[in-house]
Each structure stands twice: as C-alpha cells, then as structure tokens.
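Residue numbers (my numbering), protein chains in the order written: chain A, 1 to 169; chain B, 1 to 365.
Just so you know, the hints here were simulated from the structure itself, not pulled from any lab data.
Where hints are given, some of them may not hold.
Unchecked claim - Computed footprint of chain A on chain B, listed as stretches where at least three residues anywhere in the stretch have a Cβ under 8 Å from a Cβ of chain A: (1) 50–57; (2) 190–198; (3) 340–348.
To be verified - Straight line, CA to CA, 20 Å or less: simulated EDC-like cross-link-like pairs of lysine to aspartate or glutamate: (4) A:Lys-99 / A:Asp-48; (5) A:Lys-126 / B:Glu-172; (6) B:Lys-169 / A:Glu-25; (7) B:Lys-54 / A:Asp-48.
Positions of the beta carbon are idealized from the N, C-alpha and C atoms, including for glycine.
Chain residues, written in single-letter form:
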Amino acid sequence: MSEDQNNLNHSTIPEFLTDILPPEERILKRPVAIIECFQEIPCNPCVDSCPQNAISIDEGINRIPQIDYDLCTGCTLCVPKCPGLAIFVVGVDKEDKTKGSVTIPYEFNDLPQIGEEVIGLNRQGKPVTPAVVKKVIVSKITDKTAVITLSLPSEFIHEVRFFKRQSSK
Amino acid sequence: MIRKVQMAVIGGGPAGLSAAVAAASQGVTVEIFDDNFIPGGQLIKQTHKFFGAKQHLCGTRGMDIAQILLDRCTQHNVIINQQATVTGVYANTLGVLYPDKFEEVEFKSLVVATGASENMIRFVNNELPGIYGAGAIQTLMNVFGIRPAQNVLMVGSGNIGLIVSYQLKQAEVEVECIVEALPQVGGYQVHASKIQRMGIPILTNHTIIRAEGNEQEGVTGAIISEIDKDFRPVPGTEKYLSVDTICLAVGLTPLADLLEQCGCKMTTISELGGRVAVHNHYMQTSRPDVFLAGDVSGIEEAVTATLEGQLAGLAAAKYMNIGNPLIIQNKMNEILIQLNEFRDGPFGEKATYGSQRLLKEYSYE
C-alpha cells in the first residue's frame, strides 16, 4: 500500500481534536470512539459503559477521560451513555477509503429511516455534506437516546457531528 | 391538638427526599412538606441524563431519579404532604398552609430543603407577558406538556440556560440564540456543544437591553447588544430579534427566608448565591435542631443536593439519638468523601471556596 492511499483527505480537523485523534492507521483498521470531552467535570459513566475497559479516568471523577485506541472496538456502547453526548464513533471503509461513517447520539422524536438521505452538520450546525443513515439503534440500554450511524465521504468524519433531515426546516 | 413528627422536612426536591430517606433508614419517623402538586422538586423537569459517578445514579435522567427517590421514601414509610406550604418555623412547630386548612406540626428536628428562586435582570419592558424564568418554561414543557413558545431568546449560558435551550429544541421550539454577558460560556462545554451543533449561536459579551411588545400580544421581539468589560452596552451593536418569548436563566438565589425567620445565624457569601444560614460540614445550622440541604445552603446542583440531604438526614437522626451513632458517623464520613470528590474540579471550586468561607464563620461561634 502506497503512502498516498494511506493518507485520508480530511477537509478540516479542528485544532482541539489533533491532540486526541488516533493515528490514521488505527482509524483505517476499524471504527473508533472519539471522546470530545475537554473540561474537568464531575462525571464518569463512560468508564463503566465500555466492555473492553478502554476508557479510564484518573483519580476521582473530575479528570478528563482517556481512551486506549488499541482496546476500543468501535462498538458504540459508550455513545448513548455519555450524559454530555460528547462521544462519537468514526470509521473508514476498508475497501473504499473515500467512504466513511460517523455515529452520533440523537435525542429527538423525528427519528430518520435507514437509507434516508440527510444533511451532515458540523459542530456549528452548518451543512457540510450529504449523508445516508446506515443504522438506527434505540433500545432499553440506550434509554431514549438513539444511536445513529451515518455514511458520508471519509473526508468529513472529523467534522460532521450532527445532521438534519431534508424535511426539517 | 398539634400533630407531632420526629423529623420534618421542608421541600420535596432531591435534597429533601434524600434527607427523609437517610433519616428514616435510621428509624426516624419523617414527614415532608412540599408546596408543589407533585413531589420531586426540579428533578421532575430534568429530561437529560445526569452527570456524576455510579453511586450518584449518573447516566440516569433527572425525572427517573425523582422516581427512584420517591420509591425509597415509600419503602421507608416517609409521609409526603403535597400543596403544603410552610409559612413559618417557630420554637418547635411549623405552620403549614394547605389549600383548605392550616395546621401546626410539632417537630424534634427540622431539615430545610427549600431550594432556590430564580434571579431577574433589568431591561426595558421586562414585565411583558412572554418573559419567563427557565424554571417556568421547563414546568410548562416537561410537567404539563405545553409547548411554551414558538421562538425563544435565551438569556444566560449557565448549565440551566444550555439545558433548557436543548429541551426547547426537543419540543420543536426554535431558539434564536443564547446571550451571555460574560466573555465565556458559563456551563459545561459539552452542553454548549450539543446546542451549537444544532445551529444555535451562543453570543458571549452580549445581553438583552429591551423587550418589544405590549400587554395584549406579549413579547414580539427583543433587542440585544454587545457589552463592554464593565457590562455597558456598546452603542451601534444593537440587534433586533423576532421572538415571542424571552427565557431568563441568569442564576439562582437560596430561598433562605424560613431559616432566617426561625433564628438561624445568617451570612452573605456570593459564591453560594447570596444569603445563607451558617452551617457545619454536617449541614447543622446555629440552631442545633435545624439542618439544611441543597440549593438553600448554597447554589449548586442535584447530585450535591442529594449528598447534602443524606448528610442532613443522618445528622438529624444523630442529634435526636436515634439509630447507631457509630454507623451514622461512618456513613457521614463516606458521604463527605463523595462530596469532596464531586467538587474536586474547576466547576466545584466555587462551592468548595464558599463552604470554606462559611465553615470559618461557623467555627468562630
């Protein structure tokens, strides 16, 4: 595999993410959880949510969670457990590296259908790319927080953090 | 004949319910007096999952925590009186006003868990219909299922302003923007991110200077403005927003009047939100039979209210010589460790500093 193929073409990676992102080889291997929790707040449900024990918080409950990307399987169980809705799972298709996925927690009544075309929004709510709903999980474990996986161009996996339906205003 | 209870609790929110359960678990007979229709205080309006650690029921939605605490009250035979407004606290009796009667209740110990009231700010026309505190918006939306508005301006970016903005969007109400007078967001960044990615802007260094509208139609708009570091509007930066509702989430003040009235020593500590009763680690006031817990002891949040409630309930049991004092002391020590652990971050600094200032006053006694 040439180096060119290995490098993903990211539109923009926000500065605050660069320090915590896993190496690109890791993202290409299998999906991985990105914990966007950068403030010391008294909270630790993410630690217990992980069946691989990949997430840890040092001394007490106020430190920033750390994730071991080698242990993380990208299973998305942590996504609905984070009260701050700050955990996302990103992935890149092994066969076609231009295709990516982002898993998002979603707490609204108008659940999208699988296969539905939606608009991927960035962290400021600006539309950045069309996306397709790949998976919708609502179960007793997620406690009313739906876990939605979008397929989108891989260059947007670090940028898209929400979506809107075509039908919504 | 005056009714007698061992421990009376004023307020049925997280602090009051926790105090009642903690005391009842030691064998104390407890009655709660709550002025609302439904018990649970602010918890019943909290549709979001709570922060905290496992032992604090973290990851559970506030409204479900209310049910868990109410179930524990039932298990421990705690009596909850609703629409029971305590109008005064005397030597060893409470005056309680119900919709149809007034009664006096005698107590051996008392836990005051009355919570807080919402702050108001000054701007032109701030008396117009359509201007609400965040608590009222939540009550309409999450207790009564009424959509309170079509289009809202939120004032204040503390956790309450951020969470209520999110809940408004969940109820399909538009939130035009959030204005914050300080240069930075007051609440948790994760709460702010949740609403920013829905496209709601948070304008720091901004405030509302005027509401537009009239008595008949209520609010029809709002004028916001940038402000300088001394909080003065910057001329020429005014902007008109077409909104039908203005929601104020600009802080809370402890509802401490009953404590003051019954003779507890009071002090003013800005970090705790204003006037509070002087108390020790175990939530005991200068009146040894009166304890307090939750926002009335200093503005914080529901997890610490629950822990303080447990402390107050146990301390009241100990004061009345009910239960095993050694077991109670061990439990209280454990809770103190949890409280310190919870406050051991930048967001707990204010409460920690405030309670240290308070303890100094207590030890000067």
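Unmet hints by their number, sorted upward, for this structure: Numbers 4 and 6, in rising order.
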